[in-house]
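Peer 1: Sequence:
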Amino acid sequence: MSKQYETVIGLEVHVELATKTKIFCGCSTAFGGEPNAHTCPVCTGMPGSLPVLNKKVVEYAVAVGLATNCEITRFCKFDRKNYFYPDNPQNYQISQLYLPICRNGGIEIETVAGKKTVGIHEIHMEEDAGKLVHDEWDDCSLVDYNRSGVPLIEIVSEPDMRSAEEVIAYLDKLRLIIQYLGASDCKLQEGSMRADVNLSVREAGAEKFGTRTEMKNLNSFKAIARAIEGERARQIELLEEGKAVVQETRRWDDNKEYSYAMRSKEDAQDYRYFPEPDLPPVVIGEEWLAKIKSRQPELRTEKLARYKKEFDIPEYDARILTESKHMADLFEAATAVCGKPKKVSNWLMVETMRLLKEAEMEPEDISFSPENLAKLISLTDAGTINSTVAKEVFEHIFREDTDPEKYVEEKGLKTVHDEGALRTVIQKVMEENPQSVEDYRNGKEKALGFLVGQTMKAMKGKANPGLVNQILREALKA
Numbered sequence: 160m161s162k163q164y165e166t167v168i169g170l171e172v173h174v175e176l177a178t179k180t181k182i183f184c185g186c187s188t189a190f191g192g193e194p195n196a197h198t199c200p201v202c203t204g205m206p207g208s209l210p211v212l213n214k215k216v217v218e219y220a221v222a223v224g225l226a227t228n229c230e231i232t233r234f235c236k237f238d239r240k241n242y243f244y245p246d247n248p249q250n251y252q253i254s255q256l257y258l259p260i261c262r263n264g265g266i267e268i269e270t271v272a273g274k275k276t277v278g279i280h281e282i283h284m285e286e287d288a289g290k291l292v293h294d295e296w297d298d299c300s301l302v303d304y305n306r307s308g309v310p311l312i313e314i315v316s317e318p319d320m321r322s323a324e325e326v327i328a329y330l331d332k333l334r335l336i337i338q339y340l341g342a343s344d345c346k347l348q349e350g351s352m353r354a355d356v357n358l359s360v361r362e363a364g365a366e367k368f369g370t371r372t373e374m375k376n377l378n379s380f381k382a383i384a385r386a387i388e389g390e391r392a393r394q395i396e397l398l399e400e401g402k403a404v405v406q407e408t409r410r411w412d413d414n415k416e417y418s419y420a421m422r423s424k425e426d427a428q429d430y431r432y433f434p435e436p437d438l439p440p441v442v443i444g445e446e447w448l449a450k451i452k453s454r455q456p457e458l459r460t461e462k463l464a465r466y467k468k469e470f471d472i473p474e475y476d477a478r479i480l481t482e483s484k485h486m487a488d489l490f491e492a493a494t495a496v497c498g499k500p501k502k503v504s505n506w507l508m509v510e511t512m513r514l515l516k517e518a519e520m521e522p523e524d525i526s527f528s529p530e531n532l533a534k535l536i537s538l539t540d541a542g543t544i545n546s547t548v549a550k551e552v553f554e555h556i557f558r559e560d561t562d563p564e565k566y567v568e569e570k571g572l573k574t575v576h577d578e579g580a581l582r583t584v585i586q587k588v589m590e591e592n593p594q595s596v597e598d599y600r601n602g603k604e605k606a607l608g609f610l611v612g613q614t615m616k617a618m619k620g621k622a623n624p625g626l627v628n629q630i631l632r633e634a635l636k637a
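Residue numbers for the sequence shown follow the working numbering, so the first one is 160 and each next one is one higher.
There may be inaccurate statements among the hints.
Unchecked claim - Here are the simulated EDC-like cross-link-like pairs (lysine to aspartate or glutamate), alpha carbons at most 20 Å apart as the crow flies: (1) Lys375 x Asp246; (2) Lys402 x Glu362; (3) Lys381 x Glu269; (4) Lys570 x Glu551; (5) Lys290 x Glu349; (6) Lys367 x Glu317; (7) Lys467 x Glu446; (8) Lys375 x Asp429.
Everything labelled a hint here was simulated from the structure, so no lab data went into it.
Predicted model, so just to flag it, every value in this text is computed and none were measured.
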């Protein structure tokens with residue numbers, strides 16, 4: 160009988176904070192830009208330059224700590240983590256080892272198996288390193304220090320996860336919390352959220368953890384899931400063959416779906432940590448903490464409960480709308496203007512989602528105003544335009560944030576309610592389609608749909624479908 164194995168997973172999640180300037184200097188944190196354009200003596204590690212802490216970094220770190228149920232360290236310090244690498248200009252990184260800003264937290268995740276709490280060991284503040292660009296053509300490596308000194312928080316979980324599904328649920332919950340706080344955009348593809356996976360396997364029922372490996376280079380949820388499955392299988396294979404798992408850092412290649420050993424895993428003593436001499440301790444007093452607490456927004460879990468109660472929309476709709484803070488804000492603002500939550504929800508859930516998918520966009524990329532969506536709903540409800548025209552107008556709202564009232568007026572798209580004009584067109588349609596008229600009179604209901612369609616076509620889609628239906632039935636009975 161083959162052995163059963165259990166996977167044990169802990170994560171180190173690095174999140175780039177949404178400050179306008181770096182953690183210890185006034186350089187821009189904007190993504191992109193010419194290489195080495197967002198730099199100064201501090202973030203390039205020039206001798207004699209001194210760091211000055213960005214207050215906003217501390218506030219974001221505390222906000223994330225509060226939202227993840229952590230204890231806030233009221234007296235915390237920075238430490239130097241020494242290592243020598245071309246992307247690390249000072250030859251050390253300013254981080255926190257001994258007194259991290261947040262400790263002993265946890266968040267609840269939902270999986271198919273039910274709810275579970277994943278513990279958060281600590282959250283600490285640190286600076287990002289630069290970026291190495293490997294030029295294979297010239298066989299050299301170039302360094303871009305634009306990212307050097309960009310503020311990070313590292314969220315270290317407890318080894319509480321047991322599957323790829325739990326890891327994705329945890330990351331998704333964390334991402335939403337941080338986005339709702341406005342602390343980061345958490346775009347994995349741009350590197351503003353990066354996860355390193357610490358994974359080990361052990362025989363089911365064993366008390367002791369197995370030897371863990373750390374996997375890097377994971378820039379999408381799918382890559383993380385594949386890496387977990389791949390590494391789990393690799394470690395089990397080693398154990399089945401009677402070999403030992405080596406504690407090391409591995410690099411995941413998502414194209415080949417395989418991980419490669421990078422270096423043996425370091426421990427804290429390898430970095431020769433010592434207190435950062437150029438920065439004073441950070442003291443978080445009652446008043447400052449109360450101010451940060453008062454600014455905490457409504458998070459997704461509370462929003463979900465409120466939407467179902469206040470707007471009476473189904474659980475499924477509420478989940479989709481709150482999956483993105485931007486979408487949730489849009490929903491609330493449009494509802495505040497027109498007072499029709501279910502209709503706003505329908506436009507966002509159906510047409511908006513369809514157009515986002517077609518354009519390969521994310522909900523964060525939506526640029527139309529809630530006022531224009533609310534105006535479109537009002538125009539449709541008043542019967543000024545029909546549903547076919549409304550969809551056409553919405554595409555312009557989605558792409559160019561067009562004012563629907565002006566667009567309808569300029570293009571002459573208002574619904575025709577003039578019975579006389581409709582009767583004239585219907586008479587012509589019936590004369591041109593005698594077979595369909597006969598089919599309907601012989602009991603073929605489908606023929607009516609065809610005649611309605613022909614009338615709408617003749618009216619360039621601007622007729623009131625209900626009225627067309629009503630007049631057609633009368634004319635066909637005559």
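Peer 1: Evaluate each hint against the coordinates.
Peer 2: Results for each hint:
1. Lys375 x Asp246: It holds: about 16 Å lies between the C-alpha atoms, which stays within 20 Å.
2. Lys402 x Glu362: Roughly 15 Å separates the two Cα atoms, so the pair holds.
3. Lys381 x Glu269: Distance ~18 Å between Lys381 and Glu269 Cα, so the pair holds.
4. Lys570 x Glu551: holds, 11 Å
5. Lys290 x Glu349: holds, 12 Å
6. Lys367 x Glu317: holds, 15 Å
7. Lys467 x Glu446: violated, 35 Å
8. Lys375 x Asp429: Roughly 19 Å separates the two Cα atoms, so the pair holds.
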